[in-house]
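J.: Spelled out, the chains give:
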Amino acid sequence: MSFELPKRDPRRSFQDTILALHDYWSAQGCVILQPYDMRMGAGTFHTATTLRALGPEPWNAAFVQPSRRPTDGRYGDNPNRLQHYYQYQVIMKPSPPDLQELYLKSLEVIGIDPLKHDIRFVEDDWESPTLGAWGLGWEVWCDGMEVTQFTYFQQMGGFDCKPVAGELTYGLERLAMYIQGVDNVYDLAFNMQGVSYGQVFLENERQMSKWNFEVAETNALFDLFNKAEAECRNCLANDVPIAAYEQAIEASHVFNLLQARGVISVQERASYMGRVRDLARSSCEKYAEKMAPEWQAKYPEWTL
Amino acid sequence: MSADFLLELRSEEIPARMQAGARAELEKLFRREMEAAAVAIGEISVWSTPRRLALLARGLPEATEAVSEEAKGPPEGAPDTAIEGFCRKNGVTRDQLELRNVKGRNTWFAVIDKPGQATKDVLTEAIPAIIRDFAWPKSMRWGAASLSTESLRWVRPLSGIVALLGDKVVECSVGNVASGNVTLGHRFHSHGEIAISGAGDYLDKLRGAHVIVDHEERQDMVREGARKAAADAGLTLVEDEGLVVENAGLTEWPVPLLGRFDESYIDLPPEVIQLTARVNQKYFVCEDKNGKLANAFVCTANIAADDPAVVVDGNRKVLAARLSDARFFWELDQKTSLKDHAKKLERITFHEDLGSVSQRVDRIATIAADRLPELIGWPKQKARTMQPLLRQAAELAKADLVTEMVGEFPELQAVMGYYYAKGLGTDVSEAIRDHYKPTGPADTLPSNEVGSLLAIADKSDALFGFFAIDQKPTGSKDPFALRRAALGIIRIVVENDIRLPLQRLFEGIDFERMYQSPKGVEYSDPSDEIVDFIIDRLKVQQREAGVRHDLIDAVFALGGEDDLVRLLARVKALQGFIGTEDGANLLAGYKRAANILKKEDWSGEGKAEPLSYTPEDAEKALVDALDTAAPKAAAAIAGEDFESAMAALATLRAPIDRFFDEVTVNADEENKRVARLDMLLRFRNAVHRVADFSRIEG
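Chain order of the listed sequences is A and B. Number 367 marks the last residue of the first sequence (our numbering); no jumps. Number 888 marks the last residue of the second sequence (our numbering); no jumps.
The set of hints was computed from the structure by calculation and includes no laboratory data. Warning: the hint list may mix true and false statements.
Unchecked claim - Chain B regions said to be covered by chain A (calculated; three or more residues, Cβ under 8 Å): (1) 196-206; (2) 346-354; (3) 490-501; (4) 505-518.
Said to hold, decoys possible - Chain A is nowhere near these chain B residues, computed Cβ spacing over 12 Å in every case: (5) Arg222; (6) Ala261; (7) Lys262; (8) Asp270; (9) Gly388; (10) Glu407; (11) Val428; (12) Glu431; (13) Thr441; (14) Asn470; (15) Glu477; (16) Lys482; (17) Asp560; (18) Leu565; (19) Gln765.
Positions of the beta carbon are idealized from the N, C-alpha and C atoms, including for glycine.
Generate coordinates for the entire structure from the input sequences, incorporating the hints supplied.
T.: Quick look at the structure:
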């Protein structure tokens, strides 16, 4: 029996938007990764972005990252806000000279015609004190809606990016709502066999919003935070910075949950954020330092 | 022969807010380079779009003139080291020096011939220098070259250079970008490269490729297009020049389009709708015939869309989602009373040495309700009626800081407080709205008395606190906007005729009690300093109104004049007087008298005792005039009739002139000398009751 791959149809299927992007970025030489198997607030936290942005070696990757923002939960009532949604991440290092053109072509691939829709690059510099990172770029507007964050990383983990990586973060649900012409995220067609986004995620949003805001046992969360912090230090002491970085991500997400539960006061907030920042940056630093000899061996001109 | 020079620096999208600065920088650096190479430049035009900076310099010469420069060196016979140093400095060898006779002395000269240079060669060097020296507010590295941090920096990746002198390419390269004669048109409306043949066809070729290079033309298109879009819908555009410039900086082919949003959002405060549209989406808003905000917006697309309705509909959805969020905040905020919101201010630090916002609110309430009514002389009955309103307004003024809406739009602080306090009556709600006013010279003042006093209290607390912990403004640094606070107090009291003794206001603030902080803070009583600071601001502010700063000094130096309304009335009367012939002569007489007194070290009251000798006519005339004028001036000042005080002084002019003409102060007889010095002293003191004339310039 022969099987012919169907044509992607992002106008009628959310998953086809993802698959079309995979096809496209795969053709541009990106490795297509699967999501990082941990809870995180944004695709930028994926090690394929943060840690791989460090060092001189070329790196091109694309992946979907489920992103969790506990405080954005609306119990499934709001047509635009979710506590769990998908980001599509592309990272290309060094940034290719035609990254903007590559990006615009990807929009056409998923069904956005730039003579029908007004595409604009609006200044939006990116900074993550948590990761000791910043970059310059834009939010890309499609008819006034921010659909992508486009960033040239300048620093990561407190180190200059040498070379600079270009990072694209597409808000998949927003884009799909646009492409499919629906006003409510839950009305999106997930596939072409009649499964909607709501059928997949609505109950999840209801229960997880409730858990985030009302149920999660805060003592256990505080405990988790402390344990992640301790484990991160343990990993750093034992020279396994990737493992340390995972614990930093864990601490970051637990902190977000504590925020959603409303048990962190204004004063404490700054102190918790400082602790997370310290873990994440220490992990990045340790990783860069550990890898530096190998990188230098391959790129003798290069310094950390 | 001269030629026009065209330079286009193409890049990925330049932030709109940086484009005006970039144009100025490009022109500055170009002029610097041309001046250094002595290339005469004529008219220069500089333009920007999101994707390019362009400069057109007309009529550049083909080459610079050959010049011969001479430098004078040491004299003949000077030490070798001096002569060698001179050679090194001028880049010549010793045998190239010439001896010349300078005022009978043989002196070495270096003659340096600089040949003319082709302008093209100058530009080849200048363009890379301009790009490398270009100062952007923020710049970045990119691409493979960024393996080194030494790689070229630009605001966003630099992608192309067009450099044409006449019709010839000026060859140069920076980073990986080489100059040429081709550029790109509109990102979506144009395909492929566009060859430019010279300055003459640049604008037109790009116009043909859907790019309006001239930013002013695009601004006109946005402004006019938005007005027209509104007018076509029977509405009036709410003008916003900042939005005009920003939208022109975001587009190469601006197309303003009008859309409508759901009528139900019109229930939101108009400021919220306008800010949502402007800040988040860069849309204009419109008003209907009655001046009410309409449910319409104008967005500016960067394409001539196949179907503009599709673009408008997309923008409408985004605005609807934003307004829906705003409505969520609006409804959520109103579920809690302002009073309960205010309780959360305890958790917000105002300044680590000055306590929480809630403590600041207590202080403002004390100043506004307990101190100001008495200080400005309100009758007891009025004070009693107004105090509860003042206290309530003060206690609620900062409550909106913890609301969701202000969290989303910090610009709306005080405005949201006003809406959330609407049920409490206009005195309180408008006072809350106005308590940061005036925020600049063009801003209006608080609209009612409660608001005026609350605004004074708000600013007085800030001034007192920051001065007490020595956080005064220095130079251009004024992180707590204390100059603005001082100016605010000045405008409120002066323009409302509020008689506020500033010294008493600030001296009456009890730091120990009012500024307790857990840390225990070092402080010093700042009252005098604050009053001086306010007077300094007053001088700056009044300069524009034509009031002389030295006259403000002259009145303020008398001491005790800290009521700005009275101070200015005195100063204005004084300024009028000094401008008359009597005034100018009296000032001259005063200065002469003051000099003599200073020389003789003569001070004190100036006794008005009967004379022990028969006075000359001129002496008697002066004494008589002083006997009449001094009490008259004093009484006029007490009655705040400063014109009369000046008139009284004017009567001294003729007698003092005559006195100096006819009387010898330094008489041989000691009794006469003493009496005459006392007369001058009385004269000086009489004048001083009106102003310290020694501070008056001229």
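J.: Hints broken by the structure, by number, lowest first?
T.: 13 and 14
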